[in-house]
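Given the sequences, and given the hints that come with them, work out the whole structure.
Here is how the chains run, residue by residue.
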Amino acid sequence: MKKLGRWLALAVLLLGAVVMIYPFLFSLLAGMTRRQEFQNLGEMLPLPKDPTFQAYRSIFTTGLIRPFFNTLLRSLWYAFVISGFSVMMGYVLSRLRFKGRTFFLYFIICANMIPGVLTLIPTYIEMARIPFLGGNDWTGFGGSGLINHPAILYVLLSPASAVWIFLFRQTMDSLPRDYEEAAYMDGSTFMNTIVRIIVPIQRPIIATIFLNMAIVTWNDFMTPFIYINNLKYTTLPGYVGTLVAALQQVGDRDYPQIFALSTISVLPPVLIFLFLQRYIVQGFANAGIKG
Amino acid sequence: MNTESRSFWRRHRDALIAYSIIGPFALWFLLTIGIPLVAGILLAFFKWNGMPVMPEWVGLRNFSFFFNSNEYLSSIWKQLFIGGLCLIFNMLISFGLASLFNIPIRGKGLLRTAYYLPNIAAVSATVAVVVALLIPHGGGLNGLLTKLGLEPIIWSYSAGWMIFWVVVFYVWRNTGPLAIIWLAGLQSIDPTLYEAAKVDGANRLQLLRYVTLPGLRGIAAFNFIREIIGVMQMYDIVMLMTSGGPNGSTDVLMYRIYRDGLKSYNFGMAGASSVILGLLTVLITLVYLRLFLKEEK
Numbered sequence: 001m002k003k004l005g006r007w008l009a010l011a012v013l014l015l016g017a018v019v020m021i022y023p024f025l026f027s028l029l030a031g032m033t034r035r036q037e038f039q040n041l042g043e044m045l046p047l048p049k050d051p052t053f054q055a056y057r058s059i060f061t062t063g064l065i066r067p068f069f070n071t072l073l074r075s076l077w078y079a080f081v082i083s084g085f086s087v088m089m090g091y092v093l094s095r096l097r098f099k100g101r102t103f104f105l106y107f108i109i110c111a112n113m114i115p116g117v118l119t120l121i122p123t124y125i126e127m128a129r130i131p132f133l134g135g136n137d138w139t140g141f142g143g144s145g146l147i148n149h150p151a152i153l154y155v156l157l158s159p160a161s162a163v164w165i166f167l168f169r170q171t172m173d174s175l176p177r178d179y180e181e182a183a184y185m186d187g188s189t190f191m192n193t194i195v196r197i198i199v200p201i202q203r204p205i206i207a208t209i210f211l212n213m214a215i216v217t218w219n220d221f222m223t224p225f226i227y228i229n230n231l232k233y234t235t236l237p238g239y240v241g242t243l244v245a246a247l248q249q250v251g252d253r254d255y256p257q258i259f260a261l262s263t264i265s266v267l268p269p270v271l272i273f274l275f276l277q278r279y280i281v282q283g284f285a286n287a288g289i290k291g
Numbered sequence: 001m002n003t004e005s006r007s008f009w010r011r012h013r014d015a016l017i018a019y020s021i022i023g024p025f026a027l028w029f030l031l032t033i034g035i036p037l038v039a040g041i042l043l044a045f046f047k048w049n050g051m052p053v054m055p056e057w058v059g060l061r062n063f064s065f066f067f068n069s070n071e072y073l074s075s076i077w078k079q080l081f082i083g084g085l086c087l088i089f090n091m092l093i094s095f096g097l098a099s100l101f102n103i104p105i106r107g108k109g110l111l112r113t114a115y116y117l118p119n120i121a122a123v124s125a126t127v128a129v130v131v132a133l134l135i136p137h138g139g140g141l142n143g144l145l146t147k148l149g150l151e152p153i154i155w156s157y158s159a160g161w162m163i164f165w166v167v168v169f170y171v172w173r174n175t176g177p178l179a180i181i182w183l184a185g186l187q188s189i190d191p192t193l194y195e196a197a198k199v200d201g202a203n204r205l206q207l208l209r210y211v212t213l214p215g216l217r218g219i220a221a222f223n224f225i226r227e228i229i230g231v232m233q234m235y236d237i238v239m240l241m242t243s244g245g246p247n248g249s250t251d252v253l254m255y256r257i258y259r260d261g262l263k264s265y266n267f268g269m270a271g272a273s274s275v276i277l278g279l280l281t282v283l284i285t286l287v288y289l290r291l292f293l294k295e296e297k
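If you're matching them up, the sequences are chains A and B in order.
Under the numbering used here, the first residue of the first sequence carries the number 1, and numbering increases by one thereafter.
Under the numbering used here, the first residue of the second sequence carries the number 1, and numbering increases by one thereafter.
Since the hints were made in silico from the structure, they are not lab data.
Bear in mind the structure is a predicted one, so any value in this text is a computation, not a measurement.
Be careful, since some hints might not be right.
When the alpha-carbon atoms are kept at most 30 Å apart in a straight line, the in silico DSSO-like pairs for lysine-lysine are as follows [what the hints assert, rightly or not]:
#1 B/Lys108 <-> B/Lys198
#2 B/Lys147 <-> A/Lys49
#3 B/Lys108 <-> A/Lys3
Structure follows, in structure tokens:
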């Protein structure tokens, strides 16, 4: 009886896993079909009769390599900056005593819960009307500000990033002070202690923050979708978003192209996940338990 | 450096270090989240289309327009309805998955990877698969239906089916990570509690009701709040899969806010709708917490 239950559980989980993987396989294969072929295929699995890599190759020929590197650069930027802030602020909020400490702690917790709906439109207006940038005069009019400006991919802050600061503080709270105190005794400065003592000890949690931030940023197609209308400045998932949104309108459809780009844009985060998932998943579960 | 300033530094060392680290982050937060937050609430009381003229103060007229307009009211209902479906199915399925993962079986690690994978891929890149499967002529699903001898369905004409596919995609993408959190919760429950309850003669259902669920209360609150905030502002899937159709049946309020603000520059209505949706989100969260805290006493 118990054994039967186990087999049943395994069967259900396997079936579900197939459903989970299926769209990736679909996308990979559909990218190898030809345009006319795909539109009339009518198969759940679009096996190409005569596989072509033309759509995959188009990333090198149609200037899409630049969006690819934009995505990469943007992911690295947010991964570095948010991990940096998380370590420094988490440390400060856990170890130092100063006026306003409790306030900042509550602030960090609340920030994480700000519904994004409240800031979507006003942030757009603020970025469009920012003075002296993108052709704007001092009143903020005359140009388009940071709309369609490459910098927009690097200046916005997501309220959800605050959760990582909180998580690092929790991890600091459960670490004994002995290590740092020994370092301070030996005359180590504040920064030196963080870089030489704290960062090495907390490497797993920092990896969690870094990888999660990188993947979330990579997948954020909404920011480029909303703010950028230029192939040179957009990101790969952002560009795929515009292509998919265009499917809702009447017009020419190039499905193999969309699926080839989808597959390429999915590949880097998936590879990182497959090799480093213990950091990503563990940190995620911890955020749940401690949060 | 004289002794006075040195002792000032020493006395306030902690605070100075703390402020110099928190300061830049707080400034960044203020500029990109704080100001828009306040501006967004103010926007709700003005009429403005983004032109370089003074926004016109209209008081509560945007709000009264909202509550007198069937379109806006039905948008908020659609957000609640579609969001609610997403939330309920995601919660149930992820909880079921976590229970299955809690059974000792071989190859679990690999399976867990598979379930987490959808969340690692961008929405824009994966939603295309559903869009392509739903093509009326030559799409995968209708091909399958024809092969099974059934009538093909024009999916995009049917509100029910499009809502179904939005929910399917949402659950597909979000259920794995949620299951991982549930699983962490299940594994943090003290096994001796189960033993004790079994000694007292509790059956399976009673174990779930009196041991598992109370033990998961904290995790459940975390998951619910996360999901409530998530589904109340969900519009990316709708935008890419149905663009609000057919006949506006999936036109959730958040998508309307997006269009009001960024397509038709009706900033006043976008602001008022945002405030209403934001307040509703907070309200639902508070009601949940209230119920949840009450039970704890």
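Results for each hint:
1. B/Lys108 <-> B/Lys198: This hinted pair holds, its Cα atoms lying about 27 Å apart.
2. B/Lys147 <-> A/Lys49: 19 Å, holds
3. B/Lys108 <-> A/Lys3: Holds: lysine 108 of chain B and lysine 3 of chain A sit about 16 Å apart, inside 30 Å.
Violated hints are absent here; each numbered hint is respected by the structure.
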